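*Asks:* Next come the chains, spelled out residue by residue.
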Amino acid sequence: MCKNCDLKPVYKTLNDKNLCKSCFIKYFEKKVLKIIRQYNLIEDKDEVFVGLSGGKDSMTCLYILDKYLKKMGRQIKALLINEGIEGYRNKTVEDAEKICKELKIHLKIVSLKKEFGKSIDDFYKNYKGRPCTPCGIFRRYLLNKYAREYGAAKLATGHNLDDEAQSIFMNQIKGNMALSAKLGPATGVLVHKKFIKRIKPLYFMTEKEVTVYAFLKRFPINYIECPYFHNTFRDNVGRMLNELEEKYPGTKQSIVKAFIEILPKLREQYQGEKIGTCKVCKEPAAKERCKACELLNRN
Amino acid sequence: MKVNVFIERERKDVEIELKDNSTVKDLLKILKINPVTVITTINDEVITEDYKLNDKDKIEIHSVVSGG
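Taken in sequence, the protein lines are chains L and X.
Each residue of the first sequence is one higher than the one before, starting from 1 at the first, in this note's numbering.
Each residue of the second sequence is one higher than the one before, starting from 1001 at the first, in this note's numbering.
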């Protein structure tokens, strides 16, 4: 039974405490607000946009930030990138529209096809590399560009503890610590006036906790998976971490907590690293052209 | 006892025979599903892995992994 009120439990925490529906929702929201305050993710007068996909993570992030900021008389906005993945994104776009309508949140949708002349489905017809990489590059590019154009000071994403543990591990496997320095509850290593700071309010929430929350809140979600996701590098690292989590509960949390301890040192090393401007599109770029323009062969 | 299970990710219904007093954890073990990767429900109510199952229970297993 629930440790607080003797009702049927819906979730058991890492330290073996059973929580009923109402206590779990309180526990979840309290933990998210603690992350926001502890890492100063949102400051006074910040215009906050949520990068919405229509999946459980970004929808949970949207719902909690909306609830939190509305109490202070403030409003958030949502930004959705439609990559054009048939049978997947069209369904999650509908879900995103539903929740924004319900919560009276202004939603802006940017189409990858309109922006680049081709959808992700079109792009993958002639692409031989890892499928998630270009999609991630295009999505981050458009989220940053349009969040800035629409006046955002912060862009909140639904990244959770599982995502972060995977990224930490993937960067270790690739031996790329500069990439890890960009992780954490808020970005901020690279300096460029066109970069919008990204924040992750669900940073310490596990994927399972987010799913339970979204389910209990009855969010309008089609629990579907991207058709390109299977057997990717991230998928394989995620499976491995989940196997470890089953044998050694708390593994993912330990990975992220240990990482947070070394993050200041890591950032010190890469802090202030200046980044240039793409000669084609004038967006931030590490090389002469940004990764999006490279992928699209734009000169 | 027998329980009916709907595995959402595979869109599959299965009937599983279990020993009396079996829990959701026992069921997931038989189905070779890692409990970390799913949530389970009965009558649209979320239950934990310690939940003791009853004969003819209808259980739904939802994946928490959402690639994309």
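Mixed in with the good hints, there may be bad ones.
Unchecked claim - Label pairs and their in silico Cβ distance ranges:
#1 K71(L) / D1055(X): 44 to 54 angstroms
#2 E1017(X) / D46(L): 24 to 34 angstroms
#3 E1010(X) / K30(L): 46 to 56 angstroms
#4 E1008(X) / T277(L): 41 to 51 angstroms
#5 K30(L) / M1001(X): 31 to 41 angstroms
#6 I109(L) / E1010(X): 48 to 58 angstroms
#7 R37(L) / D1050(X): 29 to 39 angstroms
#8 Y127(L) / D1055(X): 30 to 40 angstroms
#9 F195(L) / L1031(X): 29 to 39 angstroms
#10 L1031(X) / N15(L): 23 to 33 angstroms
#11 K70(L) / D1055(X): 45 to 55 angstroms
#12 D1055(X) / G129(L): 43 to 53 angstroms
#13 G73(L) / L1031(X): 30 to 40 angstroms
Derived by calculation from the structure, the hints in this document are not laboratory data.
Nothing here was measured: the structure is a model prediction, and the numbers come from that model.
For every residue, glycine included, the Cβ atom is placed at its ideal position computed from N, Cα and C.
*Asks:* All hints are to be evaluated individually against the structure, with a verdict given for each.
*Replies:* Going down the list of hints, with the structure as the test:
Taking 44 to 54 angstroms as the suggested C-beta distance range, the pair K71(L) and D1055(X) conforms, at roughly 47 angstroms. Between E1017(X) and D46(L) the Cβ separation comes to about 56 angstroms, which falls outside the hinted range of 24 to 34 angstroms. With their beta carbons about 35 angstroms apart, E1010(X) and K30(L) fall outside the hinted range of 46 to 56 angstroms. Range check, E1008(X) to T277(L): about 46 angstroms between beta-carbon atoms, so the 41 to 51 angstroms window is met.
The hint said 31 to 41 angstroms for the Cβ distance between K30(L) and M1001(X), and at roughly 39 angstroms that hint holds. A hinted range of 48 to 58 angstroms is violated for the C-beta pair I109(L) and E1010(X), which are about 31 angstroms apart. For R37(L) and D1050(X), the Cβ-Cβ distance of about 33 angstroms falls inside the hinted range of 29 to 39 angstroms, so the restraint holds. Between Y127(L) and D1055(X), the C-beta spacing of about 52 angstroms breaks the proposed range 30 to 40 angstroms.
A beta carbon spacing of about 46 angstroms between F195(L) and L1031(X) contradicts the range 29 to 39 angstroms that was offered as a hint. The hint said 23 to 33 angstroms for the Cβ distance between L1031(X) and N15(L), and at roughly 27 angstroms that hint holds. In this structure the hint that K70(L) and D1055(X) lie 45 to 55 angstroms apart at CB holds, the actual value being about 47 angstroms. The hint said 43 to 53 angstroms for the Cβ distance between D1055(X) and G129(L), and at roughly 52 angstroms that hint holds.
The beta-carbon spacing between G73(L) and L1031(X), approximately 49 angstroms, falls outside the hinted interval of 30 to 40 angstroms.
In terms of the numbered hints stated before, the structure departs from hints 2, 3, 6, 8, 9 and 13, listed from lowest to highest.
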